[in-house]
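Line by line, the protein sequences are chains A and B. The opening residue of the first sequence carries number 15 in my numbering; numbering runs sequentially from there. The opening residue of the second sequence carries number -1 in my numbering; numbering runs sequentially from there.
In case anyone wonders, no lab produced these hints; they're calculated from the structure. In this text, a Cβ means the ideal position worked out from N, Cα and C, and glycines have one as well. Hints are not guaranteed to be accurate.
Here are a few chain A residues that sit away from chain B, every Cβ distance over 12 Å (derived from the structure) [to be verified]:
hint: 1; residue: Gly26
hint: 2; residue: Gly34
hint: 3; residue: Ala70
hint: 4; residue: Trp88
hint: 5; residue: Ile92
hint: 6; residue: Gly96
hint: 7; residue: Ser101
hint: 8; residue: Leu110
hint: 9; residue: Thr117
hint: 10; residue: Pro142
hint: 11; residue: Pro153
hint: 12; residue: Asp154
hint: 13; residue: Gln180
hint: 14; residue: Thr183
hint: 15; residue: Ala217
The calculated EDC-like cross-link candidates involving lysine to aspartate or glutamate, where the alpha carbons are at most 20 Å apart (straight line), are [stated by the list, open to error]:
hint: 16; chain 1: B; residue 1: Lys88; chain 2: B; residue 2: Asp76
hint: 17; chain 1: B; residue 1: Lys164; chain 2: A; residue 2: Asp18
hint: 18; chain 1: A; residue 1: Lys223; chain 2: B; residue 2: Glu17
hint: 19; chain 1: A; residue 1: Lys223; chain 2: B; residue 2: Glu27
hint: 20; chain 1: A; residue 1: Lys155; chain 2: A; residue 2: Asp87
hint: 21; chain 1: A; residue 1: Lys223; chain 2: B; residue 2: Glu13
hint: 22; chain 1: A; residue 1: Lys41; chain 2: B; residue 2: Glu27
hint: 23; chain 1: B; residue 1: Lys161; chain 2: A; residue 2: Glu123
hint: 24; chain 1: A; residue 1: Lys223; chain 2: A; residue 2: Glu72
Taking CB as the label site, the calculated pair distances span [as the list claims (entries may be wrong)]:
hint: 25; chain 1: B; residue 1: Asn132; chain 2: A; residue 2: Asp87; range: 44 to 50 Å
hint: 26; chain 1: A; residue 1: Val33; chain 2: B; residue 2: Val152; range: 20 to 26 Å
hint: 27; chain 1: A; residue 1: Glu176; chain 2: B; residue 2: Val73; range: 55 to 61 Å
hint: 28; chain 1: A; residue 1: Glu72; chain 2: B; residue 2: Val101; range: 40 to 46 Å
hint: 29; chain 1: A; residue 1: Gly29; chain 2: B; residue 2: Val142; range: 26 to 32 Å
hint: 30; chain 1: A; residue 1: Glu106; chain 2: B; residue 2: Asn42; range: 54 to 60 Å
hint: 31; chain 1: A; residue 1: Leu55; chain 2: B; residue 2: Tyr31; range: 14 to 20 Å
hint: 32; chain 1: A; residue 1: Lys41; chain 2: B; residue 2: Gly106; range: 29 to 35 Å
hint: 33; chain 1: B; residue 1: Val101; chain 2: A; residue 2: Glu93; range: 50 to 56 Å
hint: 34; chain 1: A; residue 1: Glu176; chain 2: B; residue 2: Tyr31; range: 37 to 43 Å
hint: 35; chain 1: B; residue 1: Val101; chain 2: A; residue 2: Glu106; range: 57 to 63 Å
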Amino acid sequence: MNNDRRAFLKFGLAGAAVVGGLSQLLKISPHEFNEGLTRKLFGARREAPTFPRDRAREPRANGNVGLDEELTDWSLKIEAPGLPARSMSLEEVKSLPRVEMTTELMCVEGWSEVVHWSGTPLRHIAPPQAPEYVSLTTPDKSYFVGLDLESALHPQTLLAWEMNGQPLTSEHGAPLRLVIPVKYGIKNIKRIGTIQFTAQRPADYWANKGYDWYAAL
Amino acid sequence: MIIYWANDEYFQFPEWFYEKAHLTFRLAEGMSYHFLLMWFFAINGICYVSYTIVSGEWRELVPGHDALKQAFQVVLHDLGIRKEPLPPAKFNAAQQIAYTGVVLMGVGSLLSGLAIYRPVQLSFLTQLFGGYPNARLIHFLLTVGYVAFFGMHVAQVIRAGWKNFKAMVTGNE
Chain A
15 MNNDRRAFLK FGLAGAAVVG GLSQLLKISP HEFNEGLTRK LFGARREAPT FPRDRAREPR
75 ANGNVGLDEE LTDWSLKIEA PGLPARSMSL EEVKSLPRVE MTTELMCVEG WSEVVHWSGT
135 PLRHIAPPQA PEYVSLTTPD KSYFVGLDLE SALHPQTLLA WEMNGQPLTS EHGAPLRLVI
195 PVKYGIKNIK RIGTIQFTAQ RPADYWANKG YDWYAAL
Chain B
-1 MIIYWANDEY FQFPEWFYEK AHLTFRLAEG MSYHFLLMWF FAINGICYVS YTIVSGEWRE
59 LVPGHDALKQ AFQVVLHDLG IRKEPLPPAK FNAAQQIAYT GVVLMGVGSL LSGLAIYRPV
119 QLSFLTQLFG GYPNARLIHF LLTVGYVAFF GMHVAQVIRA GWKNFKAMVT GNE
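Start from the sequences and build out the full structure, keeping to the hints where you can.
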């Protein structure tokens, strides 16, 4: 057998091994692999960069699931294991320490926009020994978001009631929405009805449709 | 500029195509495989560059000081304008520029990719590329560059013929 033949044979065998290895690789869940690695490497430890206020623009109003119903008597319901369920009026939420920030909202579809937000960090309503996950749902339960506790308690994760200095409009999530710069836009749930602190990894609207549950930036 | 998003901004196959191919709501899955395989892309690149350094073969790959001028002669030669044969060497100057350039592009893709993969946790990198939209643009343009490289590469391989292709695959000259 001449050199060329031997080399082609070797090449063929190596190629088959690579294809075999890749098919094994395709068996692992890429979402789980990426989440495991990226949580260890980066987590949500650092703060998102902030921008000068005058860079802020109105973002697209993508996503209207859960915004259909006419809102009459809104209140924020908060649930945590071992604690009685409680509810807060918008005035009570607004009486918590106010934070303003200008951050970049990034959509998984590719666009991004710098937006100025006013609200209060979600951690102000968290119980002291909060379990590992947080679930947020719209009042009609049709949109829902699951968060890891680290991202939920991040200082820039806000329950926001103002966008670019104006009260939220309905299409942007009035009366209260989540702003979480360490996650893609899909996690920035509009019109929050219930916030539940939970030990089980909560369902997530877009994760149910095959998107990455972790969705971190 | 909208580089790509899940809307059918530029182009759309007929609806039945997406249904038959099970391609609805799979953008994030595709992204996920991209973020999984990028590590192999990085490891592969590191192995390749390390090998050329350890083996000393980088000397044949890195362009010399008058490579641009020589590369112009290569282009003239390949277009049939220059009739004299090129100076004998394993790689000519045009190849050296292409093969070294594509490695630098790989570094750029890796860094700009990380800058848009974790624009918050790696925000210093994102700033380095001029912000998130800009980093996306650079990442995209580099990909256009690979397509151009690939097209030229395959055209040259076809032009050089079967014997050359055999040598490329087997390493026997």
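Right, here's what the structure says about each hint:
1. For Gly26/A, the condition that its CB be more than 12 Å from all CB atoms of chain B is violated, with the nearest at approximately 10 Å.
2. Every CB of chain B lies more than 12 Å from the CB of Gly34/A, the least distance being 15 Å, so the non-interface label holds.
3. The claim that Ala70/A is not at the interface with chain B holds, since no C-beta of that chain comes within 12 Å of its own (minimum 15 Å).
4. Against the 12 Å criterion, Trp88/A stays outside the reach of chain B, whose nearest CB is about 30 Å from its own CB.
5. Residue placement check: Ile92/A keeps its beta carbon more than 12 Å from all beta carbons of chain B (closest about 26 Å).
6. Look at Gly96/A: its CB is around 33 Å from the nearest CB on chain B, clear of 12 Å, so calling it non-interface holds up.
7. Distance to chain B confirms Ser101/A as a non-interface residue, since its nearest Cβ pair spans about 32 Å, more than 12 Å.
8. Look at Leu110/A: its CB is around 24 Å from the nearest CB on chain B, clear of 12 Å, so calling it non-interface holds up.
9. Listed as a non-interface residue, Thr117/A fails to keep its Cβ farther than 12 Å from every Cβ of chain B; the least gap is roughly 9 Å.
10. Remark: the non-interface label on Pro142/A is consistent with the geometry, its nearest Cβ contact in chain B lying 27 Å away (cut-off 12 Å).
11. Its beta-carbon lying about 25 Å from the closest one in chain B, Pro153/A satisfies the requirement of being farther than 12 Å from that chain.
12. At roughly 22 Å, the least C-beta separation between Asp154/A and chain B is larger than 12 Å, which holds for a residue marked as non-interface.
13. Listed as outside the interface, Gln180/A is consistent with that label: its C-beta sits roughly 25 Å from the nearest C-beta of chain B, beyond the 12 Å cut-off.
14. Consistency note on Thr183/A: stated as away from chain B, and its beta-carbon is indeed over 12 Å from all of that chain's, at 22 Å minimum.
15. The Cβ of Ala217/A sits about 16 Å from the closest Cβ of chain B, beyond the 12 Å cut-off, so the non-interface label holds.
16. For the suggested pair Lys88/B and Asp76/B, the alpha carbons sit about 16 Å apart, so the restraint of at most 20 Å is met.
17. For the suggested pair Lys164/B and Asp18/A, the alpha carbons sit about 8 Å apart, so the restraint of at most 20 Å is met.
18. Of the pairs offered as hints, the one joining Lys223/A and Glu17/B holds, with about 15 Å between alpha carbons and a cut-off of 20 Å not exceeded.
19. Between the alpha carbons of Lys223/A and Glu27/B the distance comes to roughly 10 Å, so the proposed pair stays at or under 20 Å and holds.
20. A C-alpha spacing of about 16 Å is found between Lys155/A and Asp87/A, which places the hinted pair at or below 20 Å, so the restraint holds.
21. Taken as a hint, the Lys223/A and Glu13/B pair is honoured in the structure, with Cα atoms around 18 Å apart against an allowance of 20 Å.
22. Distance check on the hinted pair: Lys41/A and Glu27/B sit about 13 Å apart at the alpha-carbon level, within 20 Å; holds.
23. At most 20 Å may separate the alpha-carbon atoms for a hinted pair to count; Lys161/B and Glu123/A exceed this at roughly 46 Å.
24. Between Lys223/A and Glu72/A, the direct Cα distance comes to roughly 27 Å. Violation of the 20 Å bound is thereby established for this hinted pair.
25. Evaluation of the 44 to 50 Å hint for Asn132/B and Asp87/A yields a pass: the beta carbon distance comes to about 46 Å.
26. Restraint check, Val33/A to Val152/B: a C-beta distance of roughly 21 Å satisfies the suggested window 20 to 26 Å.
27. Hint check: Glu176/A to Val73/B, Cβ distance near 60 Å, so the stated range 55 to 61 Å holds.
28. The given range of 40 to 46 Å is respected by Glu72/A and Val101/B, whose C-beta atoms sit roughly 43 Å from each other.
29. Distance hint check: the CB atoms of Gly29/A and Val142/B are about 28 Å apart, consistent with the given range 26 to 32 Å.
30. One distance hint, 54 to 60 Å for the beta-carbon pair Glu106/A and Asn42/B, holds here, with the actual separation near 56 Å.
31. Between Leu55/A and Tyr31/B the CB atoms are about 18 Å apart, so this pair conforms to the stated range of 14 to 20 Å.
32. Our hint of 29 to 35 Å for Lys41/A and Gly106/B holds, since their Cβ atoms are close to 32 Å apart.
33. For the hinted restraint 50 to 56 Å between Val101/B and Glu93/A, the CB-CB distance of approximately 54 Å keeps it satisfied.
34. At about 39 Å, the beta-carbon gap between Glu176/A and Tyr31/B stays in the expected band of 37 to 43 Å.
35. For Val101/B paired with Glu106/A, a C-beta distance near 59 Å keeps the hint of 57 to 63 Å intact.
Of the hints listed earlier, those the structure fails to meet are numbers 1, 9, 23, 24, in rising order.
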